[in-house]
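Participant: Sequence:
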Amino acid sequence: LPLVLFDCQFDGVDWICDQASLRITICHLQRHWASFQIRATMTKAMLDNLENQISDKQQLPILGQLSIVDTDSNSLLGYNNTRRDYQPILTRPVRESVEAKVEKFQNKKTKLETTDEVNQSD
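Under full-length UniProt numbering, the residue at position 38 of the sequence shown is numbered 38, and the numbers go up by one with no gaps.
If you are wondering where the hints come from, they were derived from the structure by calculation, not from laboratory data.
Remember, it's a predicted structure, so these values are computed and weren't measured experimentally.
Don't be surprised by glycine CBs; every beta carbon is placed ideally from N, CA and C.
One or more of the hints may lead you astray.
Now the in silico label distances, taken between C-beta atoms and shown as ranges [as the list claims (entries may be wrong)]: (1) I16 x R95: 39 to 49 Å; (2) E103 x R39: 26 to 36 Å; (3) L1 x K111: 51 to 61 Å; (4) Q9 x R84: 31 to 41 Å.
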């Protein structure tokens with residue numbers, strides 16, 4: 001489950017909030033909530049439509065149990081449960097250094113300049 005910090009209580013702390021900032025935050029959260037509600041409604045309609053197409057009504061999955069797809073609560077919340085082997089930071093692949101990129105760019109620039117000079121002399 002995600003870490004939720006919006007209702008933390010701190011003894012002896014009175015928060016002073018700017019009214020304009022509160023309105024902006026409320027508006028942002030309302031848009032966010034509305035977007036997810038629309039998606040949830042559309043997804044429910046799609047599930048209902050697909051469930052109506054199942055010929056054997058006894059095998060019909062009940063919303064929330066998802067008997068067709070093997071899932072758990074973490075995957076439903078967007079977490080990936082695939083285990084990865086730990087790779088120490090120093091052994092992980094790295095990109096080229098800035099110096100190497102600059103050198104490569106300079107070599108390319110020099111090559112283009114010599115090509116242009118040869119083309120102009122012809």
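Participant: Does each hint fit the structure? Answer for all of them.
Facilitator: Verification of the supplied hints:
1. For I16 and R95, the hinted distance range of 39 to 49 Å is satisfied, since their beta carbons lie about 45 Å from each other.
2. For the pair E103 and R39, the beta carbons lie near 49 Å from each other, so the given range of 26 to 36 Å is not met.
3. Look at L1 against K111: about 56 Å separates their beta carbons, and that is inside 51 to 61 Å.
4. Range check, Q9 to R84: about 37 Å between beta-carbon atoms, so the 31 to 41 Å window is met.
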